[in-house]
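Start counting at 1 in the sequence shown, then tack on 20, and there's your number in the working numbering.
Don't read these hints as lab results, they were simulated from the structure. It is possible that some hints are incorrect.
Unchecked claim - Keeping only pairs whose Cα atoms sit at most 25 Å apart, straight-line, the calculated DMTMM-like set for lysine to aspartate or glutamate is:
| hint | residue 1 | residue 2 |
| --- | --- | --- |
| 1 | Lys28 | Asp122 |
| 2 | Lys166 | Glu182 |
| 3 | Lys205 | Glu182 |
| 4 | Lys155 | Asp122 |
| 5 | Lys200 | Glu31 |
| 6 | Lys137 | Glu193 |
| 7 | Lys40 | Asp122 |
| 8 | Lys120 | Asp50 |
| 9 | Lys233 | Asp188 |
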Amino acid sequence: MMNEKLEKFAELIFEYNQTKNITGFKTINDIKVNGIADSIQAMDVAKELGFQYNSAKIADIGAGAGFPSLPHLLLNCNYELTIIEGMKSRCNFLNNVKEKLDVSNLQIINKRCEDTKELSALFDLVTARAVSSIKNMYMLTNHLLKIGGLLYLLKGRNYQSEIDEFLDNFPEESQNITVKKYKNKLDDDSYIVVITKVKNTPKNWPLSWKQIKEF
Numbered sequence: 021m022m023n024e025k026l027e028k029f030a031e032l033i034f035e036y037n038q039t040k041n042i043t044g045f046k047t048i049n050d051i052k053v054n055g056i057a058d059s060i061q062a063m064d065v066a067k068e069l070g071f072q073y074n075s076a077k078i079a080d081i082g083a084g085a086g087f088p089s090l091p092h093l094l095l096n097c098n099y100e101l102t103i104i105e106g107m108k109s110r111c112n113f114l115n116n117v118k119e120k121l122d123v124s125n126l127q128i129i130n131k132r133c134e135d136t137k138e139l140s141a142l143f144d145l146v147t148a149r150a151v152s153s154i155k156n157m158y159m160l161t162n163h164l165l166k167i168g169g170l171l172y173l174l175k176g177r178n179y180q181s182e183i184d185e186f187l188d189n190f191p192e193e194s195q196n197i198t199v200k201k202y203k204n205k206l207d208d209d210s211y212i213v214v215i216t217k218v219k220n221t222p223k224n225w226p227l228s229w230k231q232i233k234e235f
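With the sequences and hints as input, model every part of the structure.
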């Protein structure tokens with residue numbers, strides 16, 4: 021699964037992580053297995069839902085070192101990826117990766133997601149790993165998706181309480197949510213919560229982060 025670009029990507033993460041805390045994966049092996057390989061596996065689960073990556077437009081919110089989207093892009097190279105990352109230091113790292121690995125179909129935007137109204141209805145799939153709750157991510161990212169697009173959230177085994185909170189606030193979305201289970205590289209159960217966008221985003225969204233949290 022590891023091609024030349026992925027090997028170099030792992031080295032770049034490891035080197036950068038010596039001085040900046042960009043990921044909790046501390047060893048090269050952890051980066052390759054729990055970061056890169058697990059990200060690729062998680063993103064591939066979308067194919068089980070009939071999602072076609074070829075020529076798609078994907079956004080990753082708060083990707084940090086690039087997980088989960090960038091390893092998948094480096095392996096497949098057949099779609100356009102936009103990473104929206106609020107921290108300048110992480111954007112600097114990602115731009116360095118883009119330059120050193122010559123990744124032409126990658127765009128890095130140094131903004132908070134709630135400040136990206138200009139990107140409305142551009143993306144076929146929006147993903148995030150360990151950023152915030154399902155309810156918060158739904159409200160934060162809904163404007164980015166086209167109708168029929170997928171919000172694709174990587175979650176741990178305690179996802180159900182987040183789904184309950186989400187459906188308490190948006191019960192009409194109960195028919196549009198799917199949970200896919202897969203075994204991660206540590207042979208533990210991992211989950212992807214997928215919400216299909218079926219209607220236009222409310223005109224006043226995205227709200228501020230404070231308003232989203234208090235909603």
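Outcome of the hint check:
Distance restraint check for Lys28 and Asp122: the Cα-Cα separation of roughly 12 Å lies within the 25 Å cut-off, and the hinted pair is therefore satisfied. Among the hinted pairs, Lys166 with Glu182 is consistent with the structure: their alpha-carbon atoms are about 24 Å apart, no more than 25 Å. Annotation: proposed proximity of Lys205 to Glu182 holds, straight-line Cα distance about 24 Å (limit 25 Å). For the proposed pair Lys155 and Asp122, the alpha carbon gap of about 36 Å is over 25 Å, so the pair is violated.
The hinted pair formed by Lys200 and Glu31 fails the criterion: a straight-line CA distance of about 31 Å is larger than 25 Å. Between Lys137 and Glu193 the CA atoms are separated by roughly 22 Å; this keeps the pair inside 25 Å, and the hint holds. Taking the CA atoms of Lys40 and Asp122, the gap is near 23 Å; set against the 25 Å cutoff, the hint holds. For the proposed pair Lys120 and Asp50, the alpha carbon gap of about 22 Å is at most 25 Å, so the pair holds.
Taking the CA atoms of Lys233 and Asp188, the gap is about 14 Å. The hint holds against a cut of 25 Å.
The earlier numbered hints that this structure contradicts are 4, 5.
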